[in-house]
Structures are given as C-alpha cells and as structure tokens.
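K.L.:
The lines below spell out each chain.
There are 4 protein chains.
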Amino acid sequence: MAGQAQLKAGIIGASGYTGADLIRLAACHPGLEITHLTAGKNAGAALGEVFPHLGGLDLPDLSATGDIDWTETDVVFCGLPHGTSQEVIAALPNHLKIIDLSADFRLRDADVYAEWYGHEHKARHLQKKAVYGLTEFYREDITGADLVACPGCYPTAALLLLLPLVAQNLIEVDDIVIDAKSGASGGGRSVKQSMLFCEVAEGMHPYGIAHHRHAPEIEQELSLAAARSLIVSFTPHLIPMNRGELLTTYVRLGKGVSAHDLRQALIGRYKQEPFVRVAAEGQVPETRHVRGSNTCLLGVFEDRVPGRAILVSTLDNLVKGSSGQALQNFNLMFGFDETCGLTQHPLFP
Amino acid sequence: MAGQAQLKAGIIGASGYTGADLIRLAACHPGLEITHLTAGKNAGAALGEVFPHLGGLDLPDLSATGDIDWTETDVVFCGLPHGTSQEVIAALPNHLKIIDLSADFRLRDADVYAEWYGHEHKARHLQKKAVYGLTEFYREDITGADLVACPGCYPTAALLLLLPLVAQNLIEVDDIVIDAKSGASGGGRSVKQSMLFCEVAEGMHPYGIAHHRHAPEIEQELSLAAARSLIVSFTPHLIPMNRGELLTTYVRLGKGVSAHDLRQALIGRYKQEPFVRVAAEGQVPETRHVRGSNTCLLGVFEDRVPGRAILVSTLDNLVKGSSGQALQNFNLMFGFDETCGLTQHPLFP
Amino acid sequence: MAGQAQLKAGIIGASGYTGADLIRLAACHPGLEITHLTAGKNAGAALGEVFPHLGGLDLPDLSATGDIDWTETDVVFCGLPHGTSQEVIAALPNHLKIIDLSADFRLRDADVYAEWYGHEHKARHLQKKAVYGLTEFYREDITGADLVACPGCYPTAALLLLLPLVAQNLIEVDDIVIDAKSGASGGGRSVKQSMLFCEVAEGMHPYGIAHHRHAPEIEQELSLAAARSLIVSFTPHLIPMNRGELLTTYVRLGKGVSAHDLRQALIGRYKQEPFVRVAAEGQVPETRHVRGSNTCLLGVFEDRVPGRAILVSTLDNLVKGSSGQALQNFNLMFGFDETCGLTQHPLFP
Amino acid sequence: MAGQAQLKAGIIGASGYTGADLIRLAACHPGLEITHLTAGKNAGAALGEVFPHLGGLDLPDLSATGDIDWTETDVVFCGLPHGTSQEVIAALPNHLKIIDLSADFRLRDADVYAEWYGHEHKARHLQKKAVYGLTEFYREDITGADLVACPGCYPTAALLLLLPLVAQNLIEVDDIVIDAKSGASGGGRSVKQSMLFCEVAEGMHPYGIAHHRHAPEIEQELSLAAARSLIVSFTPHLIPMNRGELLTTYVRLGKGVSAHDLRQALIGRYKQEPFVRVAAEGQVPETRHVRGSNTCLLGVFEDRVPGRAILVSTLDNLVKGSSGQALQNFNLMFGFDETCGLTQHPLFP
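Chains as they are written, first to last, in our numbering: chain A, 459 to 807; chain B, 459 to 807; chain C, 459 to 807; chain D, 459 to 807.
A couple of the hints might just be wrong.
Since the list can't tell identical chains apart, any single copy or any two copies may satisfy a pair.
To be verified - Restricting the straight-line Cα-Cα distance to at most 30 Å, the calculated cross-link-like pairs of lysine-lysine (DSS-like) are:
{"#": "1", "residue 1": "K499", "residue 2": "K650"}
{"#": "2", "residue 1": "K713", "residue 2": "K729"}
{"#": "3", "residue 1": "K729", "residue 2": "K466"}
{"#": "4", "residue 1": "K713", "residue 2": "K650"}
{"#": "5", "residue 1": "K555", "residue 2": "K580"}
{"#": "6", "residue 1": "K586", "residue 2": "K650"}
I should point out that these hints are in silico values taken from the structure, not numbers from a laboratory.
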C-alpha cells in the first residue's frame with residue numbers, strides 16, 4: 459500500500475456498535491483511509507476511550523460532525539440513529555459519496571415512510587435518489603450511486619432468502635411468516651433498561667410484534683419482485699447473544715413446486731456470489747457459522763405439512779446486516795474487488 | 459407437618475436435570491417424603507456428589523433401580539430417557555402409582571409411536587391405560603389414574619395455548635405454525651458435543667426441523683379437540699440460556715373472529731387456574747417471567763396481515779414443562795391442594 | 459395462615475433487583491404481609507408493570523414514599539441506593555423497625571464513612587445505633603435492634619469465611635488477598651452503558667480496583683475480630699451471569715496451622731448454622747450451588763506454596779448477600795424461626 | 459500473491475477449537491497453503507462437516523495422520539491433546555519444521571514433566587531440543603528452531619506480564635498470587651459433562667486448585683528470569699464465555715519500587731512489540747478488548763495495601779494464547795513479517 463493513494467473516508471456516528479464494526483473492517487481495507495470520526499456526546503474523546511478494543515489503532519479522535527472540513531474527503535459512512543441521518547446528510551457537501559447505514563433512505567414511498575416513522579421525511583429529494591444497498595440485487599445502481607441506503611439487518615436476511623423465490627414464482631406470496639431472532643447488538647449502544655445484561659441474559663422474548671419497522675422494508679422489495687403489493691407476517695425476538703441473526707421463514711410452496719426446487723433456485727442464484735451461501739444438504743444454518751464474517755447462509759427444509767417449506771437464513775447483524783454490506787457497497791462504488799477487506803472467516807467459538 | 463404421615467415417593471432416574479428439579483420441588487412438599495433415588499452409572503453416589511446444589515438436603519443416596527424394595531413406597535416418579543421408561547415401569551410392582559416424565563406413554567396410538575420412535579412399544583397394556591397428564595385438561599382422569607404420562611415441554615406450552623382455541627373453533631386448524639425456542643436444559647444432562655457450552659453460547663439455531671417428536675404429541679391432542687386429524691408446522695430452536703421455553707405461534711383466525719376474541723377465550727378458560735395466566739394487554743410474555751415457577755404465561759397479538767394473529771406461550775421447561783407439572787399431578791392423584799409445593803415465585807434476574 | 463395476624467411490612471425502593479428478590483421471598487413468608495411498596499420514578503405503576511414476573515401476585519401498587527401513612531406498619535425494608543437511604547430513614551416514624559439493605563449504616567466510623575462516600579453522614583444519630591446485620595455474628599444485637607444495616611454482598615461472603623479464622627488467630631491478618639467475582643445483578647437495575655448486555659456478555663474484567671466501598675466494610679469487621687486495625691487487598695470482577703458471587707481468598711497460614719485446621723475451624727463454627735455450609739472435602743464451591751438460595755458455601759484448599767491456603771466462599775448476591783439475609787434478620791427481630799420463608803433450594807440449572 | 463510459492467503446511471489435530479482457530483487465521487495468511495488436515499475419529503470428514511463455519515473454504519478433507527505423505531510438506535502445526543503429541547511428532551519425518559501447540563514439549567526438565575503428567579516423557583531427545591515459543595522472549599531461538607513448543611494460554615498471559623518485572627527485580631518473587639479466569643474454549647471440544655452449557659452458563663467456579671499443569675510452566679520461566687527456583691500461587695477459574703482469559707496478579711513491590719515503576723517497565727519492554735500493549739493509564743483491561751485478536755493487554759494498579767500492586771493481563775486464549783502465537787512463531791521461522799496474517803482487530807461486541 460505504501461505510496462498508493464487511498465480514498466479518504468469519514469464515519470459519522472462512530473460511537474455505536476455499527477460504527478465500531480465498520481472501523482474494525484475498514485481499518486484493514488487497503489484502499490481506504492479513515493480521516494474523520496464523528497460522535498455526539500463523545501465528541502472530543504480518543505477512539506480508545508470509547509472503544510478500548512480499537513485503542514491500538516492509529517486513528518483520529520472523535521469530533522463533532524459540524525466541526526469537520528470535508529473538502530479532502532471522498533466518502534462518508536453514516537451510522538446515526540434513524541431519523542437523525544436525513545438532516546445531517548442533507549447538510550453535507552455535494553462532492554461526497556454517502557453510504558448510509560440508518561433506515562432513513564430505505565423506504566422509497568414518502569407516505570409509507572411517514573406512516574412508519576411518524577413524521578414527514580425531511581430530505582425528500584435525497585430519498586428519491588437514494589439507491590437501496592442490497593448489494594446482490596442492486597449492483598448496477600450502487601456502482602453509480604451518490605447515496606446508498608444500506609438495508610436493515612432483518613431485511614437483508616429476509617430478502618436474500620426470499621427475493622429469488624418470489625421473483626421465480628416458487629412460493630405463495632400471501633402466506634409468508636417470518637420468525638426472526640437477533641442478538642442484543644441489534645439494539646444499539648444507547649442505554650435502555652430493557653437492554654441491561656440482567657434483562658437480556660438467561661431469557662428471551664418477542665418484541666415489536668406486528669409493528670417492527672423492518673416489515674415495510676421487506677414488503678417494499680418483495681412487492682417489487684412479485685410485481686404486486688404484498689404483506690408479510692414478521693415477528694422479531696431478542697436472543698441472549700451479542701451478535702447474529704437468524705430468520706426461520708415459513709412458506710407455502712407454489713403449485714408443483716418442491717422444497718428441493720427452492721433449494722436449487724437459491725443455489726443457482728448465488729453460485730457466483732462470494733457472500734451468500736446455501737448450506738450443505740441437511741446442514742442447519744446456525745448464527746455461529748457466520749459470526750464476524752460477511753456471509754449470509756441459507757437453508758431449505760421440507761415441512762411435514764404438505765405443500766409447505768421451512769427456510770432458514772442467518773447472518774451477522776453487524777457485518778452483512780450492516781457494516782460489512784456497507785463496505786461491500788463501498789467496494790462497488792469505488793471499483794475495488796467486492797470482497798476487499800471482507801475476507802475474515804467466522805469466529806467460532 | 460409434625461406427626462403427619464407422608465406419602466413415600468421414589469424417583470427413578472434422579473441424576474438428570476429433570477430429576478434435580480423434581481427433587482428441588484418435592485423436598486419442600488409437606489406431604490411427600492423422598493425415600494428412594496435411583497440412577498444408572500451414578501448408582502452408589504451420594505446426591506451431593508451428583509448435584510452439589512442439593513448436597514445440604516437429608517436425602518437417600520442414589521441406588522440402582524433393581525436393588526430397591528418398593529414395598530413401602532406409594533408413588534414413583536420416573537425421569538428416565540425416552541425408550542427406557544417403558545420396560546422399567548412395566549417391571550414395577552402393581553401397588554405403585556406411576557408418574558412418568560418421559561415420552562414413553564404420551565402417544566396413545568401404537569402405530570404413531572412406532573413410526574416416531576423407530577420400534578414397537580414394549581408395554582402396550584400400559585400405553586393403553588396411561589392418562590395424558592396435561593393437568594388443566596385431564597383432571598378427572600389423572601385423579602384416578604395409576605399411570606400418568608406427563609406431557610412434553612413443548613406440547614404443554616402449545617396445548618395450553620391452542621386447545622381452547624381449537625375446541626371453540628376460533629382458528630383455522632390447517633394453518634398452525636409453531637416456532638418454538640428452548641433453553642439448553644431441554645437437551646438433558648447426557649454428554650453430547652452439540653450441547654457443550656461453546657457450541658451453544660453466543661449463537662442459536664433450529665434443530666429437529668420437521669421431525670421433532672413433540673409434533674405428533676401436539677397433533678394427537680389438537681386432533682381430539684378438533685374432532686378430526688390435523689397436522690401442525692413445528693420447528694424448535696436452541697437458545698443460549700439454561701431454562702425457559704417460548705412458543706411463537708402463527709394462526710389464521712376463524713371467520714368473524716378477532717385476536718381480541720382469542721384473548722377473551724383464553725382469559726375465560728383459565729381464570730380459575732392457578733398456573734395458567736394471560737399476560738396483561740400489551741405485555742409481551744418473556745421466559746424470564748416464569749423462570750423457576752410452575753406458571754405458563756400466554757399472550758395474544760393481532761397481526762398486521764389481515765385475518766392472522768400471533769400467539770405467545772412461555773413456561774419453564776423443567777417446571778411446568780416437566781417436574782412441576784408432575785408434582786401438580788401428584789397433588790391431584792393424592793388429594794392435595796393442586797398448588798401444594800409449587801408456590802415459588804419466578805427467579806428474576 | 460387464615461385468621462392469623464401478620465406483621466405489616468413496607469418495602470421502600472421496591473423497583474430494583476434487590477426489591478424484586480425481597481418481594482419474591484417475602485411473598486411466601488407466612489408471618490409477613492406486604493402492605494406498601496414504594497418507588498421513585500415508577501411510583502403509580504402496578505408491580506406487574508415494573509416486574510412482570512411478579513404480576514400474578516396480589517400486592518399493592520407502587521407509591522411515592524412520601525405519600526404513605528405508616529401508622530399501621532410494623533417494619534420497613536429499605537432498598538434505596540447508597541446515600542439516599544439515610545435521609546429517607548431518618549424521616550420515618552419512630553415506631554417502625556427498619557431493615558436497611560443499603561450501605562448507609564454499615565460503617566460505624568463517621569470519618570471512614572465520609573472518606574469513602576465523599577460526604578458527611580446525614581443521620582449520625584442513626585449511624586450510631588444501627589446494628590450490623592451479619593446474622594451469624596450479631597444475633598443478639600439484631601434481635602433487639604430498631605435499625606439493622608444489612609451487610610454488602612461481598613462483605614457477607616468475605617466475613618463468613620474470614621471472621622472465624624481471624625478470631626481464632628489461624629491466618630496472618632496482614633496478608634489477605636481477596637479476588638472477588640460477581641454477576642451483573644450486583645450492579646443494580648439503573649441504566650448505565652457499562653451494564654448493557656453487549657458490554658457484559660462474552661467477557662469479563664475487574665472493576666473498582668483498590669477503591670471499592672466494600673473494602674472498608676470488610677476491614678471494619680475483621681479489625682474488630684483481630685483487635686487491631688488491618689487492611690485487605692480486595693479486587694472485584696464482573697462476570698457474565700445474572701446472580702452469584704464467589705470470592706477466592708489467598709491467605710498465609712499462622713505458625714503451625716494447616717489448611718486442614720482452617721477447614722475444621724469453619725466446620726466447627728458453622729455446624730449449627732442453617733445457612734452456612736462447608737463443602738464436602740475436595741468439592742469446589744460454585745456459584746450455581748447456591749443460586750436462588752440463602753446458603754453461603756465455603757471451601758478450603760491447601761496451596762502448593764508452603765504456608766499458604768486458598769479459600770473459596772460463594773453465595774447468591776441477591777439472597778444471602780442482600781434480601782435473604784434481610785429476611786433472616788426480620789425473622790430474628792420478630793421471633794420467627796430464622797429459616798422461615800428461606801427454605802427454597804437452589805435453582806440449577 | 460498469485461504465482462508466488464507458498465509454504466505447504468499440515469495441521470495435525472485439526473478438529474479441536476485450537477485447530478479451528480488456526481485454520482481461521484492460516485487461511486488468510488498469504489505465504490502459507492494448508493495442504494493437510496488430520497483428525498482422529500473425524501478422519502474422512504469434510505472440514506465443513508466438523509466446522510460448518512469453515513465450510514466455505516477450499517481446504518482438504520480431514521485424514522488420518524498415519525495416511526499422509528509428508529514429502530511435499532514444509533511445516534506441521536500439531537494441535538493434539540497433551541500426552542499424545544510427543545509420539546506423533548517423534549514419528550514425523552525429519553525435514554518437517556514442527557510447531558506444537560500441546561503441553562508436551564513445554565517443560566524442559568524430565569522430572570518435572572514426569573511429576574506433573576504422571577508418566578515419563580516418550581521423546582526425551584525432542585524435549586531437549588524444543589524451543590519454548592514465547593515469541594517476545596525467545597525470538598532468536600525460535601527463528602532457527604526445528605521444534606517449537608508454544609506456551610500454554612495461562613503461561614503466555616502470566617509471563618508476558620511478569621517476566622520483565624522479575625528480570626528487573628521489581629517485585630518480590632516469593633509472593634506472587636495469580637488468580638486466573640478463562641472462557642470455556644480453553645477446555646477443548648472433547649465432551650465432558652462439566653463442560654455442558656448448563657454446567658457452565660450462569661455460574662462460575664475455580665478448578666484445578668493447586669494442581670493445574672500451567673503452574674510449573676510459569677515457574678520454569680520465572681525461575682530462569684529470577685536466576686533461582688521460585689513457586690507461584692496459581693488458581694484458574696471457569697467463566698461463562700467462549701473465549702478470553704484474564705489474570706489478576708497480586709504482587710509485593712520490591713524495596714523502593716512503585717506501581718508506576720512497574721507500569722513504566724512494561725511500557726519500556728513492549729514499546730516495539732506489535733502484540734503486547736499496556737493499557738492507557740487508568741483503563742482496566744477486559745477480555746473483550748482483545749477477543750479474536752493476537753493482542754495481549756496489560757494493566758498495572760497500585761493497591762491500597764502499602765507495598766502491593768494489582769496487575770492485570772488479558773488475551774484471547776485461542777489466539778495469542780494458542781493459534782495466533784503459533785502463527786507468529788511460524789512467521790519468525792520462515793522469514794515473514796511477524797504480524798503477517800495476524801492483523802485482525804478485536805471483535806466487539
């Protein structure tokens with residue numbers, strides 16, 4: 459890398475778990491130099507004070523977003539909470555490429571956004587031009603995009619599994635039940651009683667039943683693939699683990715379609731993809747098979763109920779479900795090999 | 459209790475997790491004296507060697523089952539692994555009342571048993587007279603029974619939730635999807651690589667997809683309630699916690715039926731029951747709400763998908779899902795108040 | 459219990475983990491009726507809203523402490539955070555017996571209090587008359603006390619282990635190293651980033667190195683036993699578990715004293731005690747041996763280093779380390795059998 | 459890397475946790491090609507069957523060690539259990555460089571080995587020529603070695619901390635107490651009841667008190683540094699986490715030495731080292747700060763007890779404590795940059 463020009467990248471909202479994982483990955487990327495890190499109440503701190511595990515890295519201190527001169531910067535990753543990204547991003551200079559990890563630009567429809575987020579979108583012009591960053595399905599758009607809205611963690615796992623099956627008409631689109639499970643890092647690093655160790659450990663429960671904001675995002679993309687509006691049953695659960703996400707999806711097969719057909723369709727769709735893999739026949743995907751890596755692992759099982767199949771998809775919510783996919787999109791946008799900086803193998807145990 | 463005669467009880471297979479929890483509860487029961495504890499390879503050991511947490515109790519050492527003179531014993535709890543109970547129980551003297559915690563006598567149909575367990579039942583005469591020990595639904599039969607087959611942990615959680623709804627025709631019986639989650643104690647204390655700490659902690663996964671033996675048990679009882687044969691989609695998952703079980707069940711509502719109707723039906727059905735409770739409106743049942751107690755907690759939620767509801771049931775797999783329900787049945791069989799020895803409140807955190 | 463008069467008890471600060479565990483235990487106590495529960499920001503809520511696991515109990519809603527008429531109340535348990543108890547307790551009517559679970563009245567010396575807590579004590583007259591509630595060592599005083607200051611969790615584990623050895627001159631009092639480990643419930647239910655699930659799970663670390671406030675409490679009591687001032691090395695660690703505390707204590711043996719002598723001294727000292735037990739020879743105490751129970755388990759091991767021994771003590775920080783010991787003191791103060799309401803066996807797994 | 463010759467490496471005993479982590483790291487090393495993987499009862503299996511998280515890698519199936527032709531191989535990593543390595547390694551052809559991760563060649567003294575392992579060493583000639591692979595202290599010897607005995611995980615953490623302090627005479631060598639804590643992966647992947655999830659989760663305990671085999675290894679190296687025989691108090695504890703190890707070490711300072719001096723000595727000793735770091739002043743090392751990385755993090759704290767200090771060292775037992783250090787030694791032996799393949803940053807949360 460010596461002597462080679464690197465792209466200069468800023469990370470806005472670097473003090474959350476998503477920010478930490480983006481730094482972990484980006485710091486190993488040969489073509490990217492982290493020149494700015496910003497935070498809210500942590501502005502002014504050294505990175506090692508906020509994330510001691512990154513204290514050994516030679517990286518800038520955290521600044522306030524407003525204090526930064528972006529002139530020399532090429533790209534900004536934005537990891538702010540939902541609702542705050544849109545205004546911050548709207549205020550950034552035009553020359554910057556933006557990779558947003560929040561939910562602010564994922565929904566294309568202004569009304570759907572307002573319904574689920576409780577307020578009008580504050581940057582409609584950007585919402586319109588944002589590209590949905592599900593890499594395996596929007597490559598061409600992402601390559602030329604100025605603003606990429608990286609998908610939510612649950613939608614990534616759901617869509618990588620379901621989009622090929624819906625697009626090829628292999629399942630009944632009106633009978634999709636998604637039972638989702640996630641580790642606690644999906645809840646972020648902000649302090650809430652419900653996320654205390656003692657409230658999460660040695661127990662589990664569903665949350666956001668019938669009103670989780672990832673549902674309309676899943677429906678937006680599946681509806682496009684089905685060429686008609688559809689609605690899914692989606693219920694997430696909080697599991698006592700740090701990272702990892704697994705969706706068990708219950709579907710009714712299309713006429714004449716078998717579970718084997720579904721499996722073959724997925725194998726066919728992803729055989730060239732570096733980060734999506736169909737588990738070996740009979741092998742059950744587990745979250746620990748992908749921990750720390752950018753891989754999404756899929757599985758297809760025949761149900762005992764005639765005409766039904768049980769589908770499994772798993773990924774690391776902080777990597778393929780967030781920062782890893784963001785870096786994958788960065789690679790696309792700037793002409794790197796898509797796997798650059800993303801080749802770490804899963805950490806087990 | 460002083461001076462009062464107590465029933466003399468033996469526990470066969472006392473060295474597993476189910477045995478430990480039965481001892482924990484039974485040792486506090488005022489009308490029961492544990493006179494025999496048996497084990498396989500642990501025969502000869504003091505209880506405190508096998509379960510140091512019970513080392514302070516004044517209880518008999520573990521013996522080999524064959525060495526015991528049952529003359530003075532009134533009742534036997536049997537916590538042996540599936541497949542081994544039937545022969546051991548068949549060999550016990552006739553005067554003993556038997557409360558079996560294994561799966562051996564749960565299925566009434568000899569063919570269904572053989573299909574799921576891979577061999578003919580070895581005690582057909584007992585299989586026929588065994589009473590299914592789901593206390594809240596078989597009270598009368600249990601009261602007079604000689605052999606009670608306590609339900610599996612998943613079936614208990616599923617049936618307490620679904621039986622009233624099916625019996626009252628409130629849901630479509632051909633569209634029941636049960637996504638079940640359990641802590642690791644459900645896997646027992648026998649050593650398997652898949653149950654090592656490092657294989658379970660910081661991760662989760664489904665198992666026994668489309669072939670878990672609790673499915674036919676659930677179907678047997680629901681079919682009876684529906685007065686016709688039905689089949690359910692049932693998928694269990696292993697969660698990194700010791701105890702606790704939670705089922706998220708996805709159902710299609712009957713014509714004109716609302717989620718509210720389901721909730722009311724459950725409230726009505728269980729309002730006199732000491733151990734089954736419908737969570738307050740809007741409150742989501744969590745496994746930690748029932749940890750260590752004999753309570754089953756139910757919840758009903760309207761789905762966003764029209765005509766569908768999301769149901770939640772949770773219990774402690776070792777208590778209401780096993781040893782607690784066994785003791786509840788003991789109380790019925792011997793004329794104690796049904797809550798006797800079972801009034802511990804949940805342990806949280 | 460019907461018809462029998464029960465003592466009326468209030469619990470101030472009922473919305474923390476200590477409060478929850480006190481309610482769990484007290485609700486089963488035959489001689490005690492919980493008539494008041496108070497909380498700060500949760501005042502006005504039903505108990506089941508704050509602690510759904512206790513939602514099935516018939517108990518009063520949470521009130522503001524200032525709103526309560528204490529006329530009919532006999533005893534108050536106070537579970538407020540350190541520093542706030544003293545003023546609240548000073549304002550209570552004189553007829554009330556007080557059992558305080560905070561640190562406010564544990565240190566007898568006004569200067570030591572001021573040094574460690576950073577402010578003058580605001581109720582010196584009460585500090586002087588408070589009785590240190592280490593039940594096994596202050597029985598007589600507790601019996602007649604108006605105000606009992608229950609020991610901290612670490613001091614309870616340390617003192618039950620060390621007091622007999624120091625009092626009998628069996629160890630060198632100037633060479634005591636206590637390496638303490640605790641589950642996360644010791645940190646309380648108030649929200650702090652450092653206690654989020656993801657900050658605690660899958661990791662561990664020491665905290666409060668050389669300045670934890672339980673050190674002077676341990677030293678106060680050991681100094682009394684040694685009849686001279688002494689100082690201990692005390693370092694606590696946060697372990698990724700909900701409850702449980704274990705101290706590994708490294709000591710130098712007195713001249714001519716063996717590890718066996720230590721063991722015998724402890725056995726002798728505690729042979730009549732219902733809640734302190736020396737583990738069987740060779741058996742290593744584990745936190746799970748006492749989870750949920752009021753037992754403190756001790757172990758003594760010879761070190762390879764000549765003249766040294768390794769001591770282990772373990773208890774459940776919320777029970778014997780807090781609410782259980784408080785209830786044990788209540789029993790003493792009001793003439794109940796000391797084990798009343800405290801006979802639950804440990805919950806394992 | 460294309461076109462560049464890579465060293466051909468075999469991994470004997472690849473089916474344990476150490477093997478898995480070595481594969482994880484080695485598969486990313488640009489100068490190493492894994493050409494053989496061996497296992498005992500898993501011989502014949504594909505790697506993905508034994509370790510599904512590595513199923514996406516293009517690596518050889520597992521073979522029986524005896525079936526392999528080593529002619530083309532340059533180096534062998536040996537991850538067999540203690541006691542079995544020595545014979546397997548003795549039977550390997552002479553041209554192979556050996557990096558052993560077991561305990562078989564760590565102790566130089568034949569009598570000490572026999573005393574602690576209960577049998578005579580079966581390859582004395584190799585024991586004599588083996589180099590102790592604590593990289594930061596034996597670089598020159600490792601560079602030219604044919605057989606490197608990688609240190610145990612506890613000794614690595616203990617020695618990196620203590621060797622500079624002992625060598626510079628800064629602490630009293632007769633008063634060293636090491637309280638060690640480790641995650642469950644240190645127990646290996648072989649099945650034992652004591653390592654089941656339910657036996658480890660939600661609890662903790664010491665083990666191997668006063669007879670853990672890492673003690674003589676620590677003493678061997680400290681005695682060399684002190685130029686006289688010494689003995690340490692060493693007690694390990696099992697913590698409910700997968701990976702990570704932390705030692706809290708209690709020492710008495712040398713005359714006129716302060717805790718600050720210790721800190722400065724460590725900073726000075728390691729300032730050029732890529733993998734050993736002294737935590738920022740006041741920052742407490744935590745296992746999660748190093749999870750998945752090859753870093754050892756050290757901390758020094760003044761005790762309240764005059765003349766004493768509290769030292770902390772933490773590392774990932776599977777990386778710097780095992781496979782990472784093995785790869786670091788490989789780099790030294792074959793002329794790579796010492797950090798090659800070891801630059802992953804810690805995984806948090």
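K.L.:
When no copy is specified for K555 and K580, does a C-alpha distance of 30 Å or less occur within a copy, between copies, both, or neither?
P.N.:
within (19 Å within a copy, 59 Å between copies)
K.L.:
Quick one: K729 to K466, C-alpha cut-off 30 Å, is that within a copy, between copies, both, or neither?
P.N.:
Cα proximity of K729 and K466: across copies only (29 Å, versus 33 Å in one copy).
K.L.:
Cα distance capped at 30 Å. Does K499 pair with K650 within a copy, between copies, both, or neither?
P.N.:
both (16 Å within a copy, 15 Å between copies)
K.L.:
30 Å Cα cut-off: does K713 pair with K729 within a copy, between copies, both or neither?
P.N.:
within (25 Å within a copy, 45 Å between copies)
K.L.:
When Cα atoms must be at most 30 Å apart, do K713 and K650 count as within-copy, between-copy, both, or neither?
P.N.:
neither (47 Å within a copy, 41 Å between copies)
K.L.:
Regarding K586 and K650, is the shortest C-alpha distance of 30 Å or less found within a copy, between copies, in both, or in neither?
P.N.:
neither (33 Å within a copy, 39 Å between copies)
Violated hints, listed in ascending order, are 4, 6; each of the other numbered hints is respected by the structure.
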